[in-house]
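Let's have the full structure, built from the sequences with the hints guiding it.
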Amino acid sequence: MQRRDTSTRRRFLKLAGGTAAIGVLPAMISVSPAEATPEMMATAIRTVTGGAPVQTGKVKLDIPPLVENGNSVPMTVSVTSPMTPTDYVKSIHVFNEKNPQPNLGNFYLGPRAGRAQISTRVRLADSQKIVAIAKLSDGSFWSVSADVVVTLAACTEEVI
Amino acid sequence: MAAALINVPKKAKNGDVIEIKTLMSHIMETGFRHTTSGVVIPRDIITSFTCRFEGEEIFRADLFPGTAANPFISFFTVASKSGKFDFEWIGDNGFSETASASITVE
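Residue numbers (my numbering), protein chains in the order written: chain G, 1 to 160; chain L, 1 to 106.
Fair warning: there could be bad hints in the mix.
[Unchecked claim] Simulated pairs of lysine-lysine, DSS-like, Cα-Cα distance not exceeding 30 angstroms:
#1 L:K11 <-> G:K90
#2 L:K81 <-> L:K21
#3 G:K98 <-> L:K13
#4 L:K84 <-> L:K11
#5 G:K129 <-> L:K21
[Stated by the list, open to error] Part of the chain G face toward chain L, derived, beta carbon under 8 angstroms:
#6 P64
#7 N71
#8 N96
#9 N99
#10 P100
#11 N106
#12 F107
#13 Y108
#14 R112
#15 G114
#16 Q117
#17 S119
#18 T120
#19 V122
#20 R123
FYI, nobody ran anything at the bench for these hints, they're computed from the structure.
If you're wondering where the values come from, they're calculated on a predicted model, not measured in any experiment.
Don't be surprised by glycine CBs; every beta carbon is placed ideally from N, CA and C.
This is the structure in structure tokens:
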């Protein structure tokens with residue numbers, strides 16, 4: 001009698017352990033699409049700049065500081081530049097820290113743009129820092145960053 | 001099912017800086033989501049957008065899964081002569097759409 005009891009308890013514990021292990025598995029899966037880290041963002045920035053120094057200034061990043069829905073966040077990047085054939089913005093690159101991928105967009109302009117400004121809508125998977133970098137025709141890089149708080153994150157890992 | 005929305009001023013004065021707004025209907029599936037059975041939903045996004053004026057490229061953008069569904073992009077250009085803007089979106093699974101808009105410059 002005693003023996004049987006123990007065995008049932010053992011069996012129960014074994015079962016419970018198995019269920020717990022199964023319970024852990026989906027949690028691990030949902031974590032697996034690793035989010036970008038500040039290091040990944042730094043690597044992505046280095047890919048664009050080629051290690052050249054990035055100065056702060058000239059670039060303006062308009063993005064709401066508090067976002068309710070990370071699935072569509074309006075964003076405008078503008079750069080102070082005369083936009084003449086000899087002094088213009090070549091490209092604008094936008095990066096993030098915590099989406100699964102560090103890039104948000106690359107935009108290539110020319111002297112014919114007249115005004116160095118672009119707008120788009122991005123996804124943000126978490127509250128994080130956004131960095132915009134502009135490459136000028138003289139080869140210099142300028143940047144600005146903005147912190148955004150996201151209430152409802154973009155559904156990068158959502159199960160459907 | 002070309003589902004592009006383009007906003008280009010019909011008329012402009014020579015030398016004016018004009019804004020061009022574009023929107024393309026597209027799901028922009030990130031490739032980071034999965035079904036309840038754990039199968040990853042494959043990525044399906046627009047990867048490239050190009051605007052040409054009279055055949056000459058004036059604006060280009062690389063898009064990523066971090067771009068919201070139905071990508072909206074706006075940018076500026078100088079109106080120097082009358083002509084046609086051609087827009088092109090290229091993406092995964094052979095996605096390719098074009099649109100065009102004309103402008104009269106006085």
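Right, here's what the structure says about each hint:
no.	hint	verdict
1	L:K11 <-> G:K90	27 angstroms, holds
2	L:K81 <-> L:K21	19 angstroms, holds
3	G:K98 <-> L:K13	44 angstroms, violated
4	L:K84 <-> L:K11	12 angstroms, holds
5	G:K129 <-> L:K21	26 angstroms, holds
6	P64	14 angstroms, violated
7	N71	6 angstroms, holds
8	N96	7 angstroms, holds
9	N99	5 angstroms, holds
10	P100	5 angstroms, holds
11	N106	4 angstroms, holds
12	F107	5 angstroms, holds
13	Y108	4 angstroms, holds
14	R112	5 angstroms, holds
15	G114	4 angstroms, holds
16	Q117	6 angstroms, holds
17	S119	4 angstroms, holds
18	T120	5 angstroms, holds
19	V122	5 angstroms, holds
20	R123	5 angstroms, holds
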